[in-house]
Structures are given as C-alpha cells and as structure tokens.
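A.B. asks: Protein chains in written order, with this note's numbering: chain U, 1 to 167; chain C, 1001 to 1378.
Please keep in mind that the hints were generated in silico from the structure rather than gathered at the bench. Where a beta carbon is used, it is the ideal one built from N, C-alpha and C, also for glycine.
Okay, the calculated bits of chain U under chain C, using three or more residues with CB under 8 Å as the criterion:
#: 1; stretch: 24-37
#: 2; stretch: 50-62
#: 3; stretch: 82-88
#: 4; stretch: 98-110
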Amino acid sequence: MSYIKTGYLEYSELESLQTLPDEKRYQEGPVAVIECVQNIPCNPCEASCKFGAIHIGSPITNLPTIDTRKCIGCGNCIAKCPGMAIFVVNKTKGRGIASVSFPYEYYPVPKVGDKCHAVDRKGEYICDGTVSKVVNPASYDHTPVVTIDIPIEYANEVRSIERGYQP
Amino acid sequence: MIHKDVLVIGAGPSGLSAAIEAGKAGADTLLVDLNLKAGGQLFKQIHKFFGSSAHHSGTRGYEIGSLLLKQARDAGVEIWLQSTVIGIFPGGKVGIERGLDNGEKDLVTLKAKTIIIATGASENAIRFKGWTTPGVMGAGAAQTMVNVNHVRPGENIVMIGSGNVGLIVSYQLMQAGCNVVALLEAAPKVGGYSVHAAKIRRAGVPIYTSRTIIEALAGEDGSVCGCVTAAVDDHFQPVPGTEETLKCDVITLATGMKPTMDLVKLAGCALKFHGPLGGYVPIHDERLETSVKGVFVAGDSTGVEEANTALDEGKIAGISAAEELGYISHEDADAMRSEIWSRLDSLRLGPFGERRMKEKKAMMEEYSETVKVPAAFQ
Ligand SMILES: Cc1cc2nc3c(=O)[nH]c(=O)nc-3n(C[C@H](O)[C@H](O)[C@H](O)COP(=O)(O)OP(=O)(O)OC[C@H]3O[C@@H](n4cnc5c(N)ncnc54)[C@H](O)[C@@H]3O)c2cc1C
Chain U
1 MSYIKTGYLE
11 YSELESLQTL
21 PDEKRYQEGP
31 VAVIECVQNI
41 PCNPCEASCK
51 FGAIHIGSPI
61 TNLPTIDTRK
71 CIGCGNCIAK
81 CPGMAIFVVN
91 KTKGRGIASV
101 SFPYEYYPVP
111 KVGDKCHAVD
121 RKGEYICDGT
131 VSKVVNPASY
141 DHTPVVTIDI
151 PIEYANEVRS
161 IERGYQP
Chain C
1001 MIHKDVLVIG
1011 AGPSGLSAAI
1021 EAGKAGADTL
1031 LVDLNLKAGG
1041 QLFKQIHKFF
1051 GSSAHHSGTR
1061 GYEIGSLLLK
1071 QARDAGVEIW
1081 LQSTVIGIFP
1091 GGKVGIERGL
1101 DNGEKDLVTL
1111 KAKTIIIATG
1121 ASENAIRFKG
1131 WTTPGVMGAG
1141 AAQTMVNVNH
1151 VRPGENIVMI
1161 GSGNVGLIVS
1171 YQLMQAGCNV
1181 VALLEAAPKV
1191 GGYSVHAAKI
1201 RRAGVPIYTS
1211 RTIIEALAGE
1221 DGSVCGCVTA
1231 AVDDHFQPVP
1241 GTEETLKCDV
1251 ITLATGMKPT
1261 MDLVKLAGCA
1271 LKFHGPLGGY
1281 VPIHDERLET
1291 SVKGVFVAGD
1301 STGVEEANTA
1311 LDEGKIAGIS
1321 AAEELGYISH
1331 EDADAMRSEI
1341 WSRLDSLRLG
1351 PFGERRMKEK
1361 KAMMEEYSET
1371 VKVPAAFQ
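Given only the sequences and the hints, what does the whole structure look like? Please build it.
C.D. replies: Pasting the structure below:
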C-alpha cells in the first residue's frame, strides 16, 4: 500500500480498494468515482445522494459503495464529502474529450472558459484543460465544484488543476 | 459564594454538549471558557467536519460551534466567556478569573455540586536546534492566525507532522494563500486520513515520510529562513549524510496533542498513562465519573480523539451529572447512556479508532479494578 507512505493513490491501488465504474458504465454517461479507502467514521456522502446511490450503513466506518446504475453523475456528493474524495468523470462528451469534476476551495475561483493545467493525484502536470462548468450554489456551502475538459485518455488520472496558473 | 448544580469547564464540543444535557434535565448549569468565543477547537476550524451526519458532520467547524452555543442558551445554561478556571480547591471549591463585560477581570469562588472537566488537549512540541527561532510555531497558532485573525504567518511553510492536524492545517494555509513547501513525517507512514493527505498532494505539496527536521535556520533578521531535514532510521534517529535544506519562513509543528491535566490533577483524580489516548488521562467509568465523586470528564481531556466522540462523551457526562443530582432517574440515565455508548463504539471502529477503543475499554477496566467507587473530595 504505497499511498500510506506517499499520501496519494495510484489508480491500480484505488481499483483494488474501491469499486469503480466499469468501462461499460463510463460509456453510458457521467458517473461518480469515490476515492475513499480507509474505513474512517464518516458518512455525509450517503445522505447527500438523493438517488440513494451511495451506501455506508452501519457501522459508520464501512467504506462507501456506489451503485453506478442509480448514479446519474449530478455531482452533489462532490461538495458534501468532507474528505474531498469524490469526483465525477464523463467519458461521453465525444471528439476524444472527457470531463472531470472536482471540489476546489481555493481563490481565485476558476471561470468557465479558463485555460488550466490539469494535474494528477500527486499534483503533477498531466495536460492542458479548459474549465467547462463551475457550480457553486449556497447549498454547497463554499465548496465550488469545477468541471474541466481534457483529452479522454487522461480521464482516470486528472483530479484537479494547478493553483494560481495563469496562461 | 456562588452555588451551582453543575459547573462545566471548557466550551468545546464536549463541554457544550455536557452543558446542554445537564441544562435540559433541569440542573442549574454554568459553562465557563477562557476564550472569546465558545466552541473550543471548533471555532478555528473552517473545513467541513468529517464524521457522522447525526453529529453535524459535513458542516464547517465554526458553524457547529455556533449551533451548539444556541442550543446551550436554549437549555438555560449560563455561559461565562473569557473566564478561566484557575484552581480547584479542597472540598470542591473552584476559583475562576471571570471576564467582565467592561474587559476587567474579577476573581470569584464558586461551589458546584458536580464538575465536568472538558478542557481539551494541548499541542506537543518537538525540540531541535533553533527551535526557539521566531517563525517556528505550533500548527494551532498558525491556524488561529489565518482562520480567526486573517493574518498569514508567512509565505513559505514547512509543516512537521502528518496527522490530521498537520494535513488539515496545511490545506488551510494554502487556502489563505500561503505556499506549503513540504510536509515532513518521521514515521514511515502518513498518520492522518488518506483523504486529507490526498487533497494536499493534489495541490502539489510533497510529503516526505521517514524524515524529520534537525535544525531551523535563521536569517539576518534573526527569524526563520529555512530548515535542515534528515532521513531517520527505524529508531527515529537522523541518518548522517541524508541532510537536505529547505527554504521557508515558517515552520509549523503538528506533532501530536496531549490531554490537559492541570485541573484534573488539582481535583485529585487518579491518572493513568495511555499512549494511544495522548498520554496521561484521568481514568473514568461508563458514566464518565473520575475517581473523585461528582467530578466528570469528557472529550479530548480524557483521550485525544475527534469532535464526534467529544460530543457523545459530553452528553454522557452531562446526563450522569444530572443523574447524580436526581434530575434524571437511574433507569432513564442508563437507557440514554447505553444508546450513546453503542454509537461511540461504532465511531471507534476502523483502523484509526480501534486502538483508541481498546485503550478506553482497558482504562475503564482499570477503573473498576482500582477505583471501584469514587471517593469524596479531599
Ligand atoms: C486542526 C484540527 C482539525 C480537526 N478536524 C476535525 C474534524 O474534521 N472532525 C472531527 O470530528 N474532529 C476534528 N478535530 C478534533 C476536534 O476538534 C477535537 O477532538 C474536539 O474539539 C475536542 O473537543 P473538546 O470539547 O474535548 O475540547 P476543545 O475543543 O479543545 O475545547 C476545550 C475548551 O476548554 C477551554 N479551557 C481549557 N482550560 C480551561 C480553563 N482552565 N478554564 C476555562 N476554559 C478552559 C479551552 O479554551 C477550550 O475552549 C480537529 C482538531 C484539530 C486541531
């Protein structure tokens, strides 16, 4: 388990510790990817999903599991997860583009159309991206959810953007 | 002299929830805290709390504090802020330096039938060459500066310690516009939750495990301009030849917390060492009563844990104090406690909680073997 030493998950580790959407599900539309792997006592994600797609149950230290048939990729859980460990990936945008949505609580808040440097789980530059959506309603309580468009081949790696990047 | 049914010392989540329960039951309750605002650790926490939805998780810390404060007021609890308990004397008299509205302080003595000590924990420091250089500070101080006073402690921070405090404060320093140069951890693995580590890694902060600080470097003005780090061996000793220098103007220490012991010592409560709980703790029974009759403890002051567990322990202490005074029947109190205990048990499952659960159980066993029944105040 290298994440315990490094602080970030390799995709292969994540696959072995969490149930991720399969390729078939990815082809059907946007879907949440839960990157919470440690049996911590925490459950706001469960109540955040109005489709009942996220389950923790009892005890509270169970890992969250996602029913990808119920998930519509709305992204409500992204803002509610105190660990900022939920993302939405959409591989159905066409023309070789995918989008990744993630929580982003830094200033300045990105704007639609901004060019950005997409980074992976260890904060390293992966590719250029474009901000395609920013959702920040009062119910998200100051956790904007940012969506960026990137080349589809990086959809499982890109998880945030470089802070303070100016083209 | 002022007389009270219940005196709660400390208005963090545990003290607030203890006061709410005692107040709701009808006990004449006073809650005292030395800070300007109620909430304890909560009022400087701007992140959404992890934990159970039933305990306000997903809500930002300072908002939980305000919510609890309102509930305490609604329960008829009297609240003194900027007031410090400075002594517990023979017979259970309590000395308080009370903050007055005009900014002055007044010394008052008070006699309470029961006392709930919920004074939280304090930060541990580690020593290294140059550790008194201006710019070396506790993570809690840095957090208070950015979140409460809106002042950046500096530009480039090196954080020591990868527990949840080190991880969360690093994140908040970046939110305030600081650059976190690196996070060092002497142990071979990250101490806090991986989700908190992941969010600072994504933001580009390197985490170096099996590495520590050995010296703080001072610049011409006498304040921190960098630090020397070194890899450590299995016995946490620096390995010669592995030194590296990092440039920074602030070094923050997030190297653990220990329960505050001064008041429980003054009250004469029996203490035992429990490493996983943070050090010496006052031992208590299932009612959270210490070895001294009528003196209860709750929250981080009896084992460094989390807000969720602090809230539930506070509830138990508040219920038990009210029971002691006859405001709640033994039967009802038992039923209320057993429900809370089963919730506490489930909060303490998983790789992080299990050790604490084991220690807590061991401590309560020690209590039943050595204390048996609490003794009256000396
Ligand atoms: C950076 C950080 C992040 C955290 N994040 C989370 C999280 O996301 N989720 C979670 O569940 N937990 C979290 N915690 C832990 C949580 O904040 C604590 O476990 C909790 O606050 C403990 O509550 P308490 O009431 O026991 O003590 P505290 O909150 O420490 O309150 C103790 C109070 O007692 C007062 N006091 C002390 N001595 C005296 C005296 N002599 N006279 C008067 N008053 C006195 C203090 O001023 C203080 O207000 C975090 C902690 C830190 C430091």
